[in-house]
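Undergrad: Top line first, the protein sequences correspond to chains A and B.
Our numbering puts the last residue of the first sequence at 378; the count rises by one with no breaks.
Our numbering puts the last residue of the second sequence at 511; the count rises by one with no breaks.
Simulated from the structure, these hints should not be mistaken for lab results.
Do not rely on the hints blindly, as some may be mistaken.
[What the hints assert, rightly or not] What follows is a list of derived Cβ distance ranges for each label pair:
hint: 1; chain 1: B; residue 1: A280; chain 2: A; residue 2: T6; range: 58 to 68 Å
hint: 2; chain 1: A; residue 1: T6; chain 2: B; residue 2: G126; range: 38 to 48 Å
hint: 3; chain 1: B; residue 1: T171; chain 2: A; residue 2: M5; range: 13 to 23 Å
Note that CB positions come from ideal geometry on N, CA and C, so glycine has one too.
Each chain is listed here by its residues.
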Amino acid sequence: MFDYMTLKVIWWVLIGVLLIGFAIMDGHDMGVGTLLPFVGKTDVERRVVINTIAPHWDGNQVWFITAGGAIFAAWPFVYAIAFSGLYWAMLLLLAALFFRPVGFEYRSKINSPKWRNNWDWLIFVGSSVPALLFGVAFGNLFLGVPFKIDETMRSFYTGNFFQLLHPFALLVGVVSLTLLMLQGGSYLAHRTEGVLQTRVKKINQIAGAINIVCFTVAGLWLTQMNGLSVVNMADPNLSMNPLMKEVAVVSGGWLTNYFAHPILWIFPALVYVGVLLTLILQSKHRTLTGFVVMSLAVLGTIMTAGVALFPFVMPSSENPAMSLTLWDVASSKYTLNVMLWVVIIFVPLILTYTSWAYRVMRGKVTVEYVQANDKALY
Amino acid sequence: MIDAGAVDAARLQFAVTALYHFIFVPLTLGLSFILVAMELTYVMSGKQIYKDMTKFWGKLFGINFALGVTTGITMEFQFGTNWAYYSHYVGDIFGAPLAIEGLMAFFLESTMIGLFFFGWDRLSKGKHLLVTALLALASNLSAVLILIANGWMQYPVGSEFNPVTMRMELTSFSEILFNVVAQDKFVHTVSAGYVTGSVFVMGISAWYLLKGKHIEFAKRSIRIASAFGLASALSVVILGDESGYAVGEHQQAKLAAMEGMWETEPAPAGFNLIAFPNEAEQKNDFAIHIPYAMGLIATRSTDTVLPGIKDIREKNAVRVENGIKGVLALEKMKQDPSDAQAKSIMLEHQKDLGYGLLAKKYSADLNQVTPEQIKQAAHDTVPQVAPLFWTFRVMVLLGFTYIAFFIYAFWASGNNVIHEKKRFLRFALWLLPTPWIATSFGWFVAEYGRQPWTVTGILPTHLSASSVSAGEVWASLAGFVLFYTGLLIVELYLMFKYARLGPTVLTEQVH
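Generate coordinates for the entire structure from the input sequences, incorporating the hints supplied.
TA: Structure, rendered in structure tokens:
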């Protein structure tokens, strides 16, 4: 149906869709988990916060697992090199992710203030650390990851963990942390009321300001940074490996795509408009619209980064010619085709029953509701 | 290049984290269907006690499920962190079922579990039952897909090598899906899960009866668990045999090792009930031998010969030699892609490439391989006998024990005398931890039995690991052990607390 080259582009879009789905859905759970100890002052308040996402966090987390699985299936080179190269970063992420399922499920199983308070902070760690690390990872893509590949396609990571904590990467980490806090905050503003809602709205304003400032600084920093550009490459309609191209290092090169196609500025614009509009909408009590608009800002942020890197998906600082692009990391044409059909069939189904679940559980979560269902809720 | 210490550490890490993950998986598989049976009874009879049963066993299900999810994420990460070359080499094939598992099973399972716990007052009886049924169905669907992935590692079909990308690529998705090994493994594995769930409910209910509390609740739970358990125990043994049949056809090395079959016997081969394998001399020091049995079970015929270990090793020495020729030709092609002669040699020996790679363990430069090293590589193609021989027998023994156990329970429960059978109830309590021994040993047989390969005949384990140092893998393993021990203590603490309190947890505070 599609030729190989088109399929490769489609899969770049689909990986993007899964990452955006993850950031919108699991992202708001991570935001809520990050806000938990600050928004909820008492046990029952914290239970209100947790129970806004209690029926949904498990399903939402699957966006993360599926994005990982899809990268394995569609971009095996990226999966192999990213996970083994960024060894300790990945294990740190994994360790943080341990606390969330267990924290949600076990926290309210024992009625002891100490037990519950400890779990609340573990949920905070399990939510905020991944939110931060995703940004740090994206930041490192722009800086380039120190890896090389040999003739048998075995990869070697030549850097160390602390190298990943470059100031630019940390700045992008703050962007993603505040972004997901806003995503969670706009959700909480919709599902809570009274004093909790007031507190959330205040935090949203602070997170919004930090997010916009850091996003802008990161963008300006990018103009001074070296980017990459493919100058010569084998036929992308045939099987390729990452050693079959030439790459040039270009100062400010990560903005080339924006200047070549000005329409792409729509993505960073979406971030500014989305964040500001969300804050305006929440002050006018239009919280549901606020959440939807904030989700568009999340989409804008990820697309801003993805479009800047295009066609690269994982640049190498060790040897730019070995950088991974969407042309040379893809699975075989056959696999991309099979997986495309799987996505076409299942993603609409997933969206349908997920919306149904949200509809069943709709409405404000209140202190009275938590007290009335004391034994059944988280 | 590849740190041999890192390979060993990575294998140990995989074994530890996979077996730990599989503490929680079988209970999820089994308990989910028991919940469906309980809730169905509630919907049909309208009796509150069945709703309480669903909710109470559901609480224990939830405590277990949280760790199943947590430890499952580790498994997905680990292919990339510790087994990067494996991920590159077979990701084109292996990645697909993993991604489909997420899209088809995990999403449904994880969305429904939220509604299962929190939707009681918001859904009609029928809709809530549907949610529970979808939860059970999706849990089992995830097992299908991961076993399709594992089945392909055991018996790789529908794929071929691409020299440009230096990896295996998918050629037939339907062959992967309908892989006979995957199908057998699936039924065997989920049945084992159902047995685990049934033994779990039986054990805890037996404890209530022994303590003289929650009598009605326990008796009804036993009735459902014993019926489900009996059907499952029969299925796990009969379809375990089915699984052995498939192994016999495709994985003769594993079968020979499992059975301590050193020599090729005239068909049908005998079965070693008990034996003391002697690895050094390639013989059994002692054996109780049942004539004909093995050949009949494994080949379903009286005239198919099952090769013994010595013959398998001898035959594989030839494959190693041919494989080396293929790998050397491939290396030439990498230097000069237009070398037609190299290409034709590579194509000629393509099916033995994996065997050639086995020799890399002994000589990084395959031009320098000695006949002695070829012999060693061929020797490796059959895993060590004693560990497989014994774990397999313990698993089978437990399987037969469960059949007898559930027959009696089904009878005693049906005649409403189960609460009087104190000795049986104590036995049920003692049996409670054993399904975890059986399932761990089963996985050990499957995975250790596949050595020296990660993908049988295609990719040797020693080449599959990442280029990370042994120190890093040991350090991360230490981290896992630390984390997992802590999590297990918390989980068992809650599980014991809730199981002891029984259905009162639905109405009273737990301190």
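Undergrad: Please write out, lowest number first, the hints stated earlier that are contradicted by the structure.
TA: When the structure is compared with the hints, none of them turns out to be violated.
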